[in-house]
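Counting in UniProt numbering, the sequence shown runs from 1 upward without gaps.
Calculated from the structure, these hints are not laboratory results. Please note that a few of the clues may not be correct.
[What the hints assert, rightly or not] Once the Cα atoms are required to be at most 25 Å apart in a straight line, the calculated BS3-like pairs of lysine-lysine come out as:
#, residue 1, residue 2
1, Lys-7, Lys-21
2, Lys-160, Lys-141
3, Lys-35, Lys-84
4, Lys-153, Lys-141
5, Lys-21, Lys-91
6, Lys-35, Lys-12
7, Lys-35, Lys-108
8, Lys-169, Lys-158
9, Lys-97, Lys-108
10, Lys-21, Lys-108
11, Lys-21, Lys-97
12, Lys-169, Lys-156
13, Lys-21, Lys-35
14, Lys-91, Lys-35
15, Lys-108, Lys-7
16, Lys-169, Lys-12
[Said to hold, decoys possible] Pair by pair, the computed Cβ-Cβ distance ranges are:
#, residue 1, residue 2, range
17, Gln-18, Arg-79, 56 to 64 Å
18, Glu-15, Lys-84, 49 to 57 Å
19, Thr-82, Lys-7, 46 to 54 Å
20, Met-136, Gln-6, 57 to 65 Å
21, Lys-108, Cys-131, 57 to 65 Å
22, Gln-18, Thr-114, 14 to 22 Å
23, Thr-163, Asp-128, 14 to 22 Å
24, Arg-104, Glu-143, 52 to 60 Å
25, Gln-130, Glu-15, 53 to 61 Å
26, Thr-112, Arg-149, 29 to 37 Å
27, Arg-79, Glu-3, 53 to 61 Å
28, Arg-104, Ile-10, 14 to 22 Å
Quick reminder that beta carbons are idealized off the backbone N, C-alpha and C, glycines included.
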Amino acid sequence: MNEALQKENIAKDREIRQLNKDAQTYEQTIMNLRKEMSSCKYQPPEVSKKDAEVMAGMCCTGRECGEWEPVKDFSELLRDETLKYQERVQKMENNLKSSGDSIRALRKVNVTLTEEMHSMRRVCAALDEQCRAANMRAQFKDEIIREMRRQLKQAKAKLKDTTELTSLKSKDYVSGDGECPHGSAVSYDSVTIACVRAQPRRKRDVPLRDASLRPYDCRSPVNLSNDDSINVD
């Protein structure tokens with residue numbers, strides 16, 4: 001739209017220049033016609049009608065004047081030429097007035113188009129500024145998204161490494177001595193319970209009974225009323 005306004009403005013300027021040239025041409029033509037009219041206002045001395053008729057009669061015989069021609073009346077011719085010049089001058093003045101009106105109208109249109117072009121330039125500048133701001137916001141958001149993705153990727157990698165390290169430690173702890181069969185334990189509690197269950201039972205040291213005692217004596221009730229007590233070493 002801005003380019004269209006510029007083209008139209010250039011065309012109007014060209015038309016204004018052409019009209020100015022036409023106006024100058026009309027003014028020059030008017031001046032020339034006025035000069036011609038002023039030069040044509042001079043009239044030759046009038047010859048009386050009677051003298052003209054006499055001279056015409058003398059010339060009609062062809063004897064007295066030989067090759068002379070009768071005197072012609074130039075008044076009608078001058079009046080006709082004057083009227084023609086006046087009509088041409090009036091036409092030129094009308095054309096000049098019309099051209100002046102057209103020039104003024106075109107200048108007004110030119111001013112209006114120039115103001116519209118300036119307004120469109122301001123609007124375009126504002127839109128360009130909004131586009132730059134939007135691009136900056138989009139770029140900032142893209143940078144934030146890339147940074148968040150990078151941090152998320154690092155966190156996932158760190159979590160994976162930690163999980164693998166924990167799994168290796170748990171496997172080494174469970175299957176390190178070869179006594180815990182549950183090498184693929186899910187949690188530390190299950191691993192602990194499995195290892196405790198896999199431990200061998202320890203034998204308690206029980207004091208030996210007296211060899212003099214018989215097996216059936218051990219099953220017989222003990223008489224607590226006796227003064228002698230049974231010593232079990």
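List of violated hint numbers, smallest to largest: Result: hints 2, 6, 7, 16, 17, 18, 20, 21, 23, 25 and 26 break, sorted rising.
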